[in-house]
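*Asks:* Start from the sequences, fold in the hints, and give me the full structure.
2 protein chains.
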Amino acid sequence: MTQIEARTLRYSVDGVAFEGRLLFDVADPAPRSGLLMAPNWFGVSSAAEELAGQVASRGYRVLLVDVYGATVRPVNPAEAGAAMLLLKQDRELLRRRLLAALEALRGQQTAPMDAARLAVFGFCFGGTCALELARAGAPLKAAVSFHGALDTPDPADARNVRGAVLVLDGALDPLVPRDQLAAFAGEMNEAGVDWQLISYGGAVHSFTDPAADNPGTAKYNAKVSKRAFAAMYALLDEVFA
Amino acid sequence: MTQIEARTLRYSVDGVAFEGRLLFDVADPAPRSGLLMAPNWFGVSSAAEELAGQVASRGYRVLLVDVYGATVRPVNPAEAGAAMLLLKQDRELLRRRLLAALEALRGQQTAPMDAARLAVFGFCFGGTCALELARAGAPLKAAVSFHGALDTPDPADARNVRGAVLVLDGALDPLVPRDQLAAFAGEMNEAGVDWQLISYGGAVHSFTDPAADNPGTAKYNAKVSKRAFAAMYALLDEVFA
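Which chain is which? The protein sequence lines are A and H, in order. Quick note on numbering: the first sequence equals residues 1 to 241 in full-length UniProt numbering. Quick note on numbering: the second sequence equals residues 1 to 241 in full-length UniProt numbering.
Hints in this document: simulated from the structure, not taken from any laboratory. Honestly, I wouldn't trust all of these hints.
[To be verified] Straight line, CA to CA, 25 Å or less: simulated DSS-like cross-link-like pairs of lysine-lysine:
#: 1; chain 1: H; residue 1: Lys141; chain 2: H; residue 2: Lys226
#: 2; chain 1: H; residue 1: Lys88; chain 2: H; residue 2: Lys219
#: 3; chain 1: A; residue 1: Lys141; chain 2: H; residue 2: Lys226
#: 4; chain 1: A; residue 1: Lys88; chain 2: A; residue 2: Lys219
#: 5; chain 1: A; residue 1: Lys226; chain 2: H; residue 2: Lys223
#: 6; chain 1: A; residue 1: Lys226; chain 2: H; residue 2: Lys226
#: 7; chain 1: H; residue 1: Lys223; chain 2: A; residue 2: Lys141
#: 8; chain 1: H; residue 1: Lys226; chain 2: A; residue 2: Lys223
#: 9; chain 1: A; residue 1: Lys223; chain 2: H; residue 2: Lys141
#: 10; chain 1: A; residue 1: Lys141; chain 2: A; residue 2: Lys219
#: 11; chain 1: H; residue 1: Lys141; chain 2: A; residue 2: Lys226
[To be verified] Residues from chain A shown here face chain H by an in silico Cβ test under 7 Å; the list is partial:
#: 12; residue: Ala185
#: 13; residue: Met188
#: 14; residue: Gln196
#: 15; residue: Leu197
#: 16; residue: Ser199
#: 17; residue: Tyr200
[As the list claims (entries may be wrong)] Here are some, though not all, of the chain H residues that point toward chain A, as calculated from beta-carbon distances under 10 Å:
#: 18; residue: Ala164
#: 19; residue: Val165
#: 20; residue: Val167
#: 21; residue: Ala171
#: 22; residue: Arg178
#: 23; residue: Asp179
#: 24; residue: Met188
#: 25; residue: Asn189
#: 26; residue: Gly192
#: 27; residue: Asp194
#: 28; residue: Tyr200
#: 29; residue: Tyr220
#: 30; residue: Ala222
#: 31; residue: Val224
#: 32; residue: Arg227
#: 33; residue: Ala231
In this text, a Cβ means the ideal position worked out from N, Cα and C, and glycines have one as well.
*Replies:* Okay, structure coming up:
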């Protein structure tokens with residue numbers, strides 16, 4: 001019987017306060033692996049927290065990352081887009097915030113965790129964040145991107161990647177230009193990364209998000225979502241074995 | 001306790017005799033799903049039969065397909081290449097032979113089987129065969145290609161596909177030109193096929209074949225092979241559920 005609870009985890013970067021949410025099963029006293037979850041452009045939200053809780057129920061300690069700062073909680077696409085754009089245009093700032101979140105997860109004493117077994121996963125913009133953290137050289141066993149953009153300002157950063165990389169891609173995703181796939185493959189191959197990319201037919205952007213309902217652009221796909229999560233869990237089982 | 005045995009399954013096409021090998025667990029009386037295994041360019045061989053037996057031990061009735069004819073058993077790459085080329089250049093002939101093998105599997109009375117639950121998988125040239133059978137409109141729940149070429153004489157044939165398609169691709173495979181990936185995606189998307197393609201970093205051609213030892217071209221990759229088989233079994237579990 002799992003009993004998922006959430007606690008606020010506070011950390012700061014460049015003098016700015018951040019509040020992530022730590023999701024874990026209080027009924028499970030074992031030191032579990034730790035996962036960062038980089039949410040979509042809405043950042044820390046009730047929907048993201050629910051999803052983080054579902055992952056936590058599989059036996060992980062999950063920190064839902066706050067990349068925008070404790071006072072920034074977008075409530076509409078315009079706000080989300082503006083908050084996201086700042087970070088997309090400043091990858092160094094994004095990295096500092098992601099690395100700080102990882103440090104906060106590693107250092108947390110709230111839930112028993114094996115701090116040597118860490119990974120990151122993320123959705124949409126959060127997928128980009130997951131790859132960015134891997135490209136920053138963070139000590140991750142795996143980085144998983146769900147329908148995130150794959151571009152990078154500096155392909156040579158792939159040499160910093162220390163764990164396995166898994167990209168879960170909607171083959172019809174109009175927000176991830178198709179030429180990014182070959183560029184990403186080239187980047188990862190060049191650096192000798194242990195990477196995988198799964199393209200799913202019939203899937204557009206946001207295929208994991210039950211609330212996404214914009215056909216042809218961003219829409220939930222139950223079958224593909226299930227496959228993609230299964231692929232992530234299979235990789236996590238492998239790298240944490 | 002599994003007890004895998006092999007029986008020769010005879011069928012004919014265009015007046016030519018074929019001898020496939022049926023692998024199954026004689027200790028398992030349940031009507032299991034049926035799988036065609038399209039071998040690599042060496043056709044029916046002891047190595048292929050061993051692999052078919054490994055898959056059969058997972059609870060499948062596996063017919064190792066004879067696409068060359070009972071008298072054609074290549075013993076070196078030159079012979080294998082010549083035999084393969086004939087079929088690559090005559091896709092209609094290849095289809096007739098694959099469809100006949102599928103009929104032989106459906107009709108066999110040797111091992112208890114659920115003839116409504118069929119799929120095909122194949123390796124290298126056999127991967128091409130698996131896709132060809134799906135493109136021919138065969139009643140398959142799934143078609144799985146391991147490091148097979150993806151090209152087709154007629155992309156519109158994708159409209160015939162009736163089950164799920166899974167392509168397992170070595171991202172460094174020099175024998176599957178990289179531009180085939182985008183072409184394949186376009187073909188499958190256009191037809192609305194339920195498809196997936198997994199590219200594996202670090203893998204070249206023949207990554208599932210323990211005997212392949214030609215670095216940079218065709219070489220065994222234990223980690224990727226394990227991942228790829230796991231992906232196939234996950235899809236088979238899904239489509240046969």
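*Asks:* Take the hints in turn and mark each one as holding or not.
*Replies:* Now for the hints, and whether the structure bears them out:
At roughly 22 Å between alpha-carbon atoms, lysine 141(H) and lysine 226(H) fall within 25 Å of each other, so this suggested pair holds. Restraint check for lysine 88(H) and lysine 219(H): the C-alpha separation of about 23 Å stays at or below 25 Å, so the hint holds. Straight-line distance between C-alpha atoms of lysine 141(A) and lysine 226(H) comes to about 18 Å, which keeps the hinted pair within the 25 Å bound. Proximity of lysine 88(A) to lysine 219(A) is assessed by CA-CA distance (about 23 Å); at most 25 Å being required, the pair is judged to hold.
Restraint check: the Cα-Cα separation between lysine 226(A) and lysine 223(H) comes to about 23 Å, which is no more than 25 Å; the hinted pair holds. For the given pair, lysine 226(A) sits about 21 Å from lysine 226(H) by alpha-carbon distance, which is consistent with the 25 Å threshold. For the hint pairing lysine 223(H) with lysine 141(A), the CA-to-CA distance comes to about 15 Å; that is within 25 Å, so the pair holds. Taken as a hint, the lysine 226(H) and lysine 223(A) pair is honoured in the structure, with Cα atoms around 23 Å apart against an allowance of 25 Å.
Between the alpha carbons of lysine 223(A) and lysine 141(H) the distance comes to roughly 15 Å, so the proposed pair stays at or under 25 Å and holds. Taking the CA atoms of lysine 141(A) and lysine 219(A), the gap is about 30 Å. The hint is violated against a cut of 25 Å. Restraint check: the Cα-Cα separation between lysine 141(H) and lysine 226(A) comes to about 18 Å, which is no more than 25 Å; the hinted pair holds. The beta carbon of alanine 185(A) comes within 5 Å of a beta carbon in chain H, closer than 7 Å, and the hint placing it at the interface holds.
Annotation: methionine 188(A) was flagged as interfacial toward chain H, and the flag holds, the nearest CB pair being 5 Å apart, inside 7 Å. The interface hint given for glutamine 196(A) is met, as the beta carbon of that residue sits about 6 Å from the closest beta carbon of chain H, less than 7 Å. For leucine 197(A), the interface hint holds, the least distance from its beta-carbon to any beta-carbon of chain H being 5 Å, beneath 7 Å. For serine 199(A), the interface hint holds, the least distance from its beta-carbon to any beta-carbon of chain H being 5 Å, beneath 7 Å.
A distance limit of 7 Å between C-beta atoms decides the matter here; for tyrosine 200(A) the minimum to chain H is near 6 Å, and the interface restraint holds. Satisfaction of the interface hint for alanine 164(H) is found here, the shortest Cβ-Cβ separation to chain A being roughly 9 Å, below the 10 Å cut-off. A distance limit of 10 Å between C-beta atoms decides the matter here; for valine 165(H) the minimum to chain A is near 8 Å, and the interface restraint holds. Hint status for valine 167(H) relative to chain A: holds, with the closest Cβ pair at about 9 Å, below 10 Å.
With a cut of 10 Å, the hint placing alanine 171(H) at the interface with chain A holds, because the nearest CB-to-CB distance is about 5 Å. A least Cβ separation of about 7 Å between arginine 178(H) and chain A falls short of the 10 Å threshold, and the interface hint therefore holds. Among the interface hints, the one on aspartate 179(H) holds; its C-beta lies about 9 Å from the nearest C-beta in chain A, closer than the 10 Å criterion. Taken as an interface hint, methionine 188(H) checks out: its beta carbon lies about 5 Å from the nearest beta carbon of chain A, inside 10 Å.
Taken as an interface hint, asparagine 189(H) checks out: its beta carbon lies about 6 Å from the nearest beta carbon of chain A, inside 10 Å. The closest approach between the C-beta of glycine 192(H) and any C-beta of chain A is roughly 7 Å, which is under the 10 Å cut-off, so the hint is satisfied. Look at aspartate 194(H): its Cβ gets to within about 6 Å of chain A, closer than 10 Å, so that hint holds up. Hint status for tyrosine 200(H): holds, given a least beta-carbon distance of 6 Å to chain A, under 10 Å.
With a cut of 10 Å, the hint placing tyrosine 220(H) at the interface with chain A is violated, because the nearest CB-to-CB distance is about 16 Å. Annotation: interface hint on alanine 222(H) violated; nearest CB of chain A at approximately 12 Å, more than 10 Å. At about 9 Å, the closest approach between the beta carbon of valine 224(H) and any beta carbon in chain A falls short of 10 Å, and the interface hint on this residue holds. The interface hint given for arginine 227(H) holds, since its Cβ lies 7 Å from the closest Cβ of chain A, which is under the 10 Å cut-off.
Because the closest C-beta pair between alanine 231(H) and chain A is about 8 Å apart, less than 10 Å, the hint holds.
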